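> The chain contents come next:
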Amino acid sequence: MEVKLKNITKRFPGRGRKEERETVAVKDLSFDVPDGTLVGLLGPSGCGKTTTLNLICGLENPTDGRIFFGEEDVTDLPPELRGVGMVFQNYALYPHLTVLQNILFPLENLKGKNRLSKKEMNDRAMEAARLVQIEGLLERKPKELSGGQQQRVAIARALVKMPRVLLLDEPLSNLDARLRLQTREEICKIQKKTGITTLFVTHDQEEAMSISDRIVVMRDGVLMQEGKPQQVYDDPVNLFVAKFLGTPPINVFEAEVKDEVLYFSEQPVLEVKNVKDQPVWAGVRPEGFVPGKDGPVICELDRVEVLGRDISVVCRHAACQAENVRAIINSEHELESGLGKVSFSLKPEKVFLFGRGDEERIPFGASCVSDSGN
Amino acid sequence: MNQNSNRAWLYLLPSVLLLVVFLIYPLIDVFIYSAEEGYNFASQTHSGVGTYNYSYVLHDPYFLQALKNTFILVIITVPVSTGIALLISAMLSSIRPLRQLYQTVYFLPYVTNTLAVGLVFMVLFQKTEYTDGLVNLMLQWFGGETVDFIDGPYWAKMFVLCFYTIWVVMPFKILVLTSALASVNPDYYRAARVDGTPKLRIFTKITLPMIAPMIVYLVITGFIGAFKAYSDAVALFGTDLNAAGMNTIVGYVYDMLYGDSGGYPSYASAAAIILFVIVLTITCINLLVSKRQLEN
Ligand SMILES: Nc1ncnc2c1ncn2[C@@H]1O[C@H](COP(=O)(O)OP(=O)(O)OP(=O)(O)O)[C@@H](O)[C@H]1O
Ligand SMILES: [Mg+2]
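Just so you know, the protein sequences line up as chains B and U, in that order.
Under our numbering, think of the first position of the first sequence as 1, with each following residue one higher.
Under our numbering, think of the first position of the second sequence as 375, with each following residue one higher.
FYI, nobody ran anything at the bench for these hints, they're computed from the structure.
On a predicted model such as this, the values are computed, not experimentally measured, just so you know.
All the pointers check out, no bait thrown in.
Beyond 12 Å from chain B on every Cβ pair, some chain U residues (computed):
hint, residue
1, L386
2, L513
3, G619
One-sided excerpt, in silico: chain B residues whose CB lies under 8 Å from chain U:
hint, residue
4, P79
5, E80
6, V84
7, M86
8, F88
9, N90
10, A92
11, Y94
12, H96
13, P106
Where is the CB? At the ideal position from N, CA and C, for every residue including glycine.
The task is simple: from the sequences and hints, build the whole structure.
See below:
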């Protein structure tokens, strides 16, 4: 079931004193979750991700805008008529019920023509339990389960009523790093197996990038960019998105464009065609550095971290916004670091220019300046 | 390990000492009194040891009356007051505007002097030569017969006593239950709503089990409190409760010690021990039942 948000705005009224202004949690938000895909909703804390989920499942009503499931306008439907399954940030498993009773709970609510017999209910619950591999834990109470198991029970409870849409609110935030990796793959697998349209909230960009078919990046309630993970990574529309995606994060330089050439601290580093003369932010992905003797970007070497296949070069550059520049290079490259300096040339497709004021992307056509060797 | 537990006992010593001096010792003392036959108050002597005091108390019609009154009071007021308190708290926590105001109003009786409240109840229910009292006026209004609730038939007096007791214990229960309700994580309700759970089912399947420990606490303390009722009866019917037929076990103990016909510490002690055994038994049953309930 395709989910469509059309110009959704949600305002929360200010509390108490009159001076306290209302909060705009979501502002003019429009995006689609295509049928049968897994979409990651991504953004920093407080950007309105949970609010967006609540709007989709009907726990909150939008101040403005419409929500569609397929062709059906569900904006005014109460949650129970929307057919959504939701996994809450803290799972919200009923602590006094066993795992099986928790999974059965949504089914026991079905009434009228949807009413199920005891046996049907049990079969459905078992099926859901099998899907998330918790058949052995059915008689336990939630507090007797590990975080990952609880999370799977929560997914089973959300899946058991065969929802049209599955919503997951930061389902992995309570898990440790290893379990997180494992469970996110499991979520991906379950989604592929069931084919349920899934919207998945996280503030961890790596998580979103790794399992989503598409990602939606939000900031302060406003949609920043939407698309395939690789596409958004390779083509960010503004500095925020560029900074938000990627580990290690993008290196941002205070730079200037003069006569279609990009300068870092008076040093020409890259030819940028069709860009007016102006000060800019230049973002360089860590993998955008190519070490070479004659490279125009000269940094003071701090340390080298060997990551196995790659090495991570931590160095300093006067124009860099952050304290360190971090470059990831293939370990086959010889790193020449005479006198504690390393020089790099830049891969133009890994360099993005942004306006100093609005931080919007400035497109350019490029060829490298002094990168004759490679 | 051993040294550790020695130290623990050392830390506990002050509170254990207090407990022994003010709780255990008096209890044992009362028990000894209750077993001493023919105790002479003036000479502090007794003629023997046995169960005569118990048998006297258990055959005393005043005690049997007090026992009956106490049981009726307990059986009616504990469930009714807990139930009503639950209802009111559930309503209080589902409304948003003026919630603070309602909470304050419901809590007012708790900080009001019970004797003063008893006086007000008397005025409301009593029938005198001058007036039938407000309640009787209302009864007449609806076409009923007037009844003297303070000096009239037994059931009417019992009704007022129960009514009064429920009214007095209600605020505390509401206070406990509203805070218990407020402490339930709202995510459970949100999850239930997404699953389309009807309101009543949310209440019985989620809210009630979540606040069950608090309800158990209220029922147990309610039982104990009602078994120890005395001042409520005095506030409504005066100090001569035996004459009014509205005595309670604690009232009986008091009368045996200090009442007009008093001066019998042995009988008083026996009655007190009987009360102690009853409360202990009921509390144990309560705990066992609720433990089994909570585990399921
Ligand atoms: N019920 C509410 N009343 C008033 N303001 C609210 C309410 N719920 C959320 N907000 C505000 O709306 C904004 C977005 O909140 P939301 O919970 O959607 O953020 P989030 O992206 O889920 O953050 P996190 O990653 O921390 O969970 C926040 O500024 C928050 O203070
Ligand atoms: Mg959130």
